[in-house]
Amino acid sequence: MSIFGAPDAPILRTPAPSRAHGDILVDEDRCKGCGLCVAVCPKHVIELSGRFTPRGYHPAALITFSNAQPQERCTGCMLCSTICPDAAITVYRLQPARA
Amino acid sequence: MTEELKIVYERPHALTEAITHYCPGCTHGIIHRLVAEVMDEMGITERTIGVASVGCSVFSYNYFNCDFASAAHGRAPAMATGIKRVHPDRMVFTYQGDGDLAAIGTGEIIHAAARGENITVIFVNNAIYGMTGGQMAPTSLPGMKTTSSIRGRDTKTTGFPLKMSEMLATIEGAAYVVRRSVHDPGHINRARKAIRTAFEIQQKGLGFSIVEILSACPVNWGMTPTDALHYVEHDMVNYFPLGDFKVADTVKALSRG
Amino acid sequence: MTKELWKGNEAIAEACVRGGLEAYFGYPITPQTELLEYLSWRMPDLGRAFLQAESELAAINMVYGAAAAGARTMTSSSSPGVSLMQEGLSYIAASNVPMVMVDMMRGGPGLGNLAPTQADYFQLVKGGGHGDYHPIVLAPSSVQEAADMAYAAFDLADRYRTIVIIAADGNIGQMMEPVEMPVMRELVPRDRGWELTGSVGRPRRVIHSLNLSPVEMAKINALIQDKQRLIGANEVRYAERFAEGCDLLVVAFGSAARIAQTAIRQAREAGLNVGLFRPISLYPFPSERLAALAARTRKFLVFELNAGQMFEDVRLATGSPVPIDFLGRMGGVMPLPDEVLEAIQQAMPAPRTNGIDAPKRAAPIGLN
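Residue numbers (numbering that gives the first Met the number 0), protein chains in the order written: chain A, 0 to 98; chain B, 0 to 256; chain C, 0 to 367.
Excised from the complex, chain A in its bound form:
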């Protein structure tokens, strides 16, 4: 199975906020398409997009599933940001809003 998604697939944020746990933002100026985050994501929700960054790499991106089950979504576990050699990933987690 290729780690590349469909060409020209747009980046969409992970599922509707009410069911999501986490989200990532990949800085495409920095991402070199090394694929380490793809390999390390326990939910297998990262892929290398078919698009090109300005530097000519295929950037990492969160996969979107139209009918995503909770276990197929980003949990904000930070394994991707831990392994990213370019510190290109910002990780978000859904947390109760403080008053």
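Just so you know, the hints here were simulated from the structure itself, not pulled from any lab data.
All residues carry an ideal CB built from backbone N, CA and C; glycine is no exception.
Treat the hints with care, since some could be wrong.
Quick list of in silico lysine-lysine cross-link-like pairs, DSS-like style, CA-CA up to 27 angstroms [said to hold, decoys possible]:
hint : chain 1 : residue 1 : chain 2 : residue 2
1    : B       : K144      : B       : K155
2    : B       : K162      : B       : K144
3    : C       : K226      : C       : K125
4    : A       : K42       : B       : K5
5    : B       : K155      : B       : K192
6    : B       : K144      : A       : K42
Short derived list, chain B residues pointing at chain C, Cβ under 7 angstroms [stated by the list, open to error]:
hint : residue
7    : R46
8    : D66
9    : R74
10   : M78
11   : R84
12   : E107
13   : H110
14   : S147
With chain A held as given, fit chains B and C onto it using these hints.
For chains B and C alone, kept in the frame of chain A given last:
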């Protein structure tokens, strides 16, 4: 209950905005990030002076947000000594590869450790000379094919890989000599912890600290980034065991206290 | 101030301390080891940094670090050790950080011997390490002069952010002579805008010497060349005796000049019109003055303790029409004044015979 997406991880401030020249999947990037995360955590960036070496990481002075010097090949521990002796209250660290530290710089690293020089050395061991195009290194594994050992490293004529951590651990002046790896997130987190300990040792004036980190070189090994990490996990760790080779009593007291 | 008897190496060391030395890194090598030994207790007594490094390679790189960190720093060595330091000197020159080095020159090439020579002239004056640069090189001919140079060296290095080398013949380190020691300077903290001190409250700084872009590298080199020109305009030093309008001008530096001085005095007493030109700055070389003197001198005699190194700079400065003889001693042999006198007598140009009275000449003394 309202929820909102909060940032749980973002790029460390101790890294500059520069995009690194490192190859995709090069673990220099991970290790730079770890050092920067520790600098952020400890709030020491502005009091830190780094010493870059010669190798792929020669431009490390472009990537860390602190004062930086650039040393000649192998000489970083000597340069760091000069800086630390005149600025003992600053954090001084070197960032060196295996050619820099284990080939041309063996004299300087041994004597910095022997003096118990209060500096921290980040030793990135990827068993090859990356910057110059993939030649054999003192830490290249037996049989490893490189551009200067195209039939594989022949131990009969070129000897065996140097185990720097084991050697440096025998030196009394060395307070903390450990080997870690960055081949998966668990080991990356442990490597960060070791770097943090090493900097704390310097902060408390407990002596010489070095963290050897097994690293990948996908391009010169001729592997994908993920395969390269597998090579680190299985082949490199096999030859260079991970662990703590020297932890001075004063350092042990740190974690207790 | 009273004069005290000081050994050269120790006088230089003490003068450096009084001139504001903050960090010394060195390695033992004859004939300068006493300098290191003296500082090994003097510096810690004053709470300043001292370290005997594991090699000259390590020492010069420690100096590089301390210099980049803004300290007044120096090393000392002798010819083979200086060869080892050339890489470091090139890096330091490229980084424009100031430092001082003392070279007690000994016999070479190779391991050589422990006797005094002047055979490091090329490696010190012509740059030495790779690339286009020249340290300031000063050649003392007495212990007092060496101490005075050492005292002023740190200011001089700071002024241009350059390397200052005191090139002393090995005997100067070993001789004991009366010295009036200068006054101890206060150490004053400075921030000249480039030191690596930790980026508290300011943007971070980098000291490096790599410039992959040829255009950028050319600019860096142009700045270094501008600095050299400024140094050339301001820091030429020399001494001369009876140099104007003499028949034979002896050009010598360091101890060779002292030996020549005695020989010249004897020659003049015998009626020979011979003078002495002593370059004190070997870089910048006093080419302009020598060129001016060449117009009024009939012949030069270059006398050095080597096979002919400064000789080339004298030739360059004076141009080809003026004949230049050479007297050299290699391997650490130090000639006595009468050997130099003999050379002077042999080198003297023939008296003029164009109607103008030739200067009176006594019969040559002790030629055979």
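**Prompt:** Does B:R84 pass the interface check with chain C, least Cβ-Cβ distance below 7 angstroms?
**Reply:** Hint on B:R84: holds, closest Cβ of chain C at ~4 angstroms, below 7 angstroms.
**Message:** Less than 7 angstroms between beta-carbons is the criterion; does B:R74 satisfy it with respect to chain C?
**Reply:** holds (4 angstroms)
**Item:** Straight-line alpha-carbon gap B:K144 to A:K42, limit 27 angstroms
**Value:** violated (36 angstroms)
**Message:** Can you verify the interface hint for B:H110: is its Cβ closer than 7 angstroms to any Cβ in chain C?
**Reply:** holds (4 angstroms)
**Asked** Holds or violated: B:S147 as interface residue toward chain C, Cβ cutoff 7 angstroms?
**Response** violated (23 angstroms)
**Prompt:** Within a Cα-Cα threshold of 27 angstroms, do A:K42 and B:K5 meet the stated pairing?
**Reply:** Within the cut-off at roughly 20 angstroms; holds.
**Message:** Holds or violated: the hint that B:R46 contacts chain C, with Cβ atoms closer than 7 angstroms.
**Reply:** Holds, because the Cβ-Cβ distance from B:R46 to chain C comes to roughly 5 angstroms (cut-off 7 angstroms).
**Message:** For B:K155 and B:K192, compute the direct alpha-carbon distance and say whether it is at most 27 angstroms.
**Reply:** violated (38 angstroms)
**Minimum beta-carbon distance criterion (7 angstroms), B:D66 to chain C** = Holds, because the Cβ-Cβ distance from B:D66 to chain C comes to roughly 4 angstroms (cut-off 7 angstroms).
**Message:** Quick check on B:M78 please, does its C-beta sit within 7 angstroms of some C-beta on chain C?
**Reply:** Hint holds; B:M78 Cβ to chain C Cβ min 4 angstroms, cut 7 angstroms.
**Prompt:** Would the pair B:K162 and B:K144 pass a check requiring their Cα atoms to be no farther apart than 27 angstroms?
**Reply:** Holds - the C-alpha atoms of B:K144 and B:K162 are around 19 angstroms apart, at most 27 angstroms.
**Request:** Starting from C:K226, check that the Cα of C:K125 is at most 27 angstroms away, please.
**Result:** holds (16 angstroms)
Taken one by one, the earlier hints fail for this structure at numbers 5, 6, 14, listed in ascending order.
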